[in-house]
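**Student:** Top line first, the protein sequences correspond to chains A and B. Using the numbering used here, the letters of the first sequence correspond one by one to residues 2 to 454. Using the numbering used here, the letters of the second sequence correspond one by one to residues 20 to 213.
These are computed hints drawn from the structure, not numbers from a lab. For every residue, glycine included, the Cβ atom is placed at its ideal position computed from N, Cα and C. Do not rely on the hints blindly, as some may be mistaken.
In the BS3-like style, the derived pairs of lysine-lysine whose C-alpha atoms are separated by at most 25 Å in a straight line are [as the list claims (entries may be wrong)]: (1) 201(B) x 185(A); (2) 81(B) x 107(B); (3) 71(A) x 46(B); (4) 225(A) x 29(A); (5) 184(A) x 201(B); (6) 71(A) x 184(A); (7) 225(A) x 158(A); (8) 81(B) x 185(A); (9) 29(A) x 81(B).
Label-pair distances were calculated between CB atoms; the ranges are [claimed, not checked]: (10) 166(B) x 72(A): 47 to 53 Å; (11) 185(B) x 26(A): 36 to 42 Å; (12) 109(B) x 98(A): 33 to 39 Å; (13) 215(A) x 186(B): 57 to 63 Å.
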Amino acid sequence: MDADPQPTDLDRYPTLTPAGQRLLSFLKEHPHAPIYRNESGNRLLPEEVARVRAFESEVAAAAIDWRAGKPPRWLEEFTASTYADVPHYRRQGVPPVRFEDIPSVSRADLSRDIAAFVPDSVPVERMINFRTSGTSGHPLLLASHPVVAASYLAFHKRALRRVGITLLAGAGEVGVVLIGHQKKCFTYVSVTPTMNEAGLAKINLHPDDWRDPEDRAKYLDDLKAEVYTGDPISFAELLTLPVTWRPRALLSTSMTLLPGLRQRLEARFQCPVLDLYSMNEAGPIAVADPNSGGHVLLQPRMYVEILDDEDRPLPPGERGEVTLTGGFNFCLPLLRYRTGDHAALDFRGPEPVLVGLQGRPPVRYRTTSGSWINNIEITHALRPLALPQWTVHQGTDGAVTFRHAGMDSLNTQLRQILQSILGDGLRLHIEQQDFLDGKVIQYTSDLADPATS
Amino acid sequence: MTHEGPPLETLLHRLAETPAEFLDEPKIGSKGRVHVDSVVADLLRLHGAAPTPSEMAAFTGKDASRDRNRLAVTLLLTWLAADEWFIKHRFSAGTLLPLLEGTARDLAEQTVAHAFLTDPDRSEEITRITLARLDFRPEGESPAQAQDRLTSLSATERSRVIAAARAAELRARAIREALAKKAAEESADKYTRE
C-alpha cells in the first residue's frame with residue numbers, strides 16, 4: 002500500500018453535495034476557464050464545518066479590549082498551557098512569573114525546527130502545511146490544519162463588517178476569486194462549506210495560464226464573484242483587464258497597498274478595498290482603516306506587543322517590532338513571536354491599532370546633504386502613486402536604484418519625489434520591470450548606518 | 020562521600036523552604052531580576068573565599084532560552100550550599116564553583132529547575148548530589164549506601180530523560196513526515212493567501 006497516497010476528491014471535499022459538484026464543474030469546465038494547474042480543497046469534515054461556523058460567531062461577537070499594561074485575561078492560561086504542551090517551551094521549565102521575561106522567538110527559530118513548536122496534544126493525521134519562501138533568508142514550513150485555513154474567513158468577515166459588508170454568497174454562487182499574477186502560481190477550484198458551498202477559484206492572471214489572454218476578463222465576468230482577494234501586483238494587473246463585474250469588496254494582502262492604488266481600485270470597482278496585514282504564521286492580524294490612523298487588530302485571542310531589540314515592551318506610540326502572542330492556529334501557538342515588521346501601538350480608539358506598519362526592519366538612507374532618513378518616509382512620499390511593488394537600494398557610493406512594477410509613465414514623478422526627500426543631485430537610477438521576483442526585500446542599503454554600526 | 024554530613028532530612032527541609040528570591044527569574048539581558056553572579060559571590064564570601072570577576076562570568080547568561088534553567092538550578096544549589104552546616108566547614112571556591120557551574124549545567128540538561136522542588140525524587144537527587152560534590156554523605160549512611168541511593172536516583176532520571184527524548188524525536192519525525200505528505204502539501208482553502 003502507498004504510504005503517501007494521492008489525495009482524492011473525497012479528501013478534498015468531504016461534504017460535497019451534487020450542487021457543489023456542479024459548481025466545481027462550472028468553474029473548471031467553463032469555456033473561458035484558465036488552465037488549472039493544481040488541486041486542493043476545503044478538507045473539512047462535517048463536524049468541523051459546524052466548528053468553523055461557531056468560531057465565526059465567536060470572533061464576530063468578541064471585543065478586543067486589552068490595553069498597554071493590561072494584557073488580556075486569557076494570556077496567563079495560554080502561556081501556561083503553551084509551556085506545558087509545546088516542546089520548545091517545556092524544555093525551559095515553568096513560565097516566568099512576569100510575561101515580559103519570556104524570551105521572544107523569531108522566524109529563524111521556527112525555520113530551524115518547526116516540530117518543536119507544535120503542541121504534543123495536536124494529532125498529526127490531518128495536518129496540512131503553509132509554506133513560505135520568505136524574504137529574510139528563512140524559508141518556512143508551518144504546521145496547520147484545514148480548520149485553521151477555513152477560520153481565516155472569520156477575520157475577513159470581521160474586517161468587512163467594519164465597512165458595512167456582510168458576505169452573502171451561497172449555493173450555486175462564487176464567493177471568492179483569489180487572484181495571483183506570477184509566472185508560477187498554485188491554482189485550483191473549491192467550494193466553501195461554511196458558506197453553503199459558495200465557489201472558490203484561485204487563478205493566475207499571467208497569460209501563460211490561459212488559452213487566450215482575452216479569457217481572463219470574460220471568465221471573471223461570468224463568475225460574478227462576491228469578493229476578489231489578491232495583492233497589489235495582481236490587483237494592478239486586474240486594472241488592465243476589461244472586467245465589467247463589480248465584486249462587493251477587494252481584500253489585499255502580502256505587501257503594502259499604497260493609497261494611490263487603493264483609490265484606483267475603489268474607483269474602478271466601486272467597492273471597498275481592504276488592506277489586510279496577514280502572515281502565514283498568524284493569519285489575518287489587522288486591517289487598514291484610514292479613520293483609525295493605521296491597521297486595526299482583528300483577532301480577539303491575539304495579544305500584540307511592540308518590542309525593542311532586548312525584548313522590552315515599548316509604550317504606546319513608540320515604534321518597534323510587532324510581536325505576537327496567541328492566535329487561532331492550534332498547531333502553532335505563538336508566544337512572543339517577532340514578526341520582523343515594525344509599527345507603534347495606539348489605544349485611543351475602541352480597538353488597538355498598529356500605526357505606521359512597515360514590513361521588515363527599518364532601513365535608513367543617506368541624503369545628499371549627509372543626513373539620514375527612515376524608509377518609512379519613502380513609503381509615505383510614494384502614497385499618491387499607484388505603485389504595486391517597488392524596491393529601493395542604496396549603494397556604498399550613495400547612489401540609489403529604484404525598481405518598480407508600475408507604469409513607465411510614473412518615472413518622472415518618481416524621480417521628483419525621491420529627489421525631494423533624498424536631496425538634489427542624488428544619483429538615481431529608476432528601472433521599471435514587468436515583474437519583481439516574488440516577495441522581494443523592499444528596502445536595502447550597502448551603506449554603513451552610523452546609528453547601527 | 021568520604022565524610023559524614025548532616026541529616027538528609029535537614030537539607031530536604033531547607034530545599035522545601037527555598038525563599039522566593041532564590042526561585043525568582045535569573046537576570047539574563049533585560050529579562051529576570053536575580054543577579055545570579057552576585058548571589059554566588061555572596062555564597063563564596065560566606066565560605067570565606069574571595070570571588071573574582073572571571074569566576075563570576077559563568078553565572079551571567081546571554082540567552083534566556085538556553086541559560087535560564089541552568090542559572091535557576093545554580094540558585095537552588097547556592098541556597099543548599101549556604102546551609103549553616105556547610106558554612107561551618109568553609110569550602111574553597113575551587114570546591115564550590117564546580118558544583119555551582121558544572122553540576123548545575125549537568126542537572127539542568129536533564130531536569131527543569133522547578134522539578135527539584137515539586138518531585139520528591141528530584142529533591143532527594145539534588146540534595147544528595149550537593150553532598151556528594153562536597154565529598155559528604157547523609158548522616159547515618161555508609162559510603163556504599165549513599166552511593167547506591169544516588170546512583171539509583173540518577174539512573175531512574177536518566178532513563179526517564181532518555182525515554183522522553185526518544186518520544187520527542189518520534190513525535191518530531193511524525194510531524195515532519197505529516198507535513199511532507201501530498202495531502203499536506205495541497206494545503207486547504209483560505210480566502211486569502213499570504
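**Student:** Each hint needs a verdict: does it hold in this structure or not?
**Tutor:** Now for the hints, and whether the structure bears them out:
Among the hinted pairs, residue 201(B) with residue 185(A) is consistent with the structure: their alpha-carbon atoms are about 19 Å apart, no more than 25 Å. The suggested pairing of residue 81(B) with residue 107(B) is violated, with an alpha-carbon distance near 34 Å, which exceeds 25 Å. Proximity of residue 71(A) to residue 46(B) is assessed by CA-CA distance (about 24 Å); at most 25 Å being required, the pair is judged to hold. Note on residue 225(A) and residue 29(A): the hinted pairing holds, with a Cα-Cα distance of about 15 Å set against a maximum of 25 Å.
Between residue 184(A) and residue 201(B) the alpha-carbon distance is near 23 Å, which keeps this suggested pair within the 25 Å criterion. Of the supplied pair hints, the one linking residue 71(A) and residue 184(A) is violated, its CA atoms being roughly 47 Å apart against a limit of 25 Å. Note on residue 225(A) and residue 158(A): the hinted pairing holds, with a Cα-Cα distance of about 19 Å set against a maximum of 25 Å. The straight-line distance between the Cα atoms of residue 81(B) and residue 185(A) is roughly 44 Å, outside the 25 Å bound, and the hint therefore fails.
This hinted pair does not check out: residue 29(A) and residue 81(B) have alpha carbons roughly 57 Å apart, beyond 25 Å. Distance hint check: the CB atoms of residue 166(B) and residue 72(A) are about 50 Å apart, consistent with the given range 47 to 53 Å. Between residue 185(B) and residue 26(A) the beta carbon distance is about 50 Å. The supplied range of 36 to 42 Å is therefore violated. In this structure the hint that residue 109(B) and residue 98(A) lie 33 to 39 Å apart at CB holds, the actual value being about 35 Å.
For the hinted restraint 57 to 63 Å between residue 215(A) and residue 186(B), the CB-CB distance of approximately 59 Å keeps it satisfied.
Against the hints set out earlier in the document, violations occur for numbers 2, 6, 8, 9, 11.
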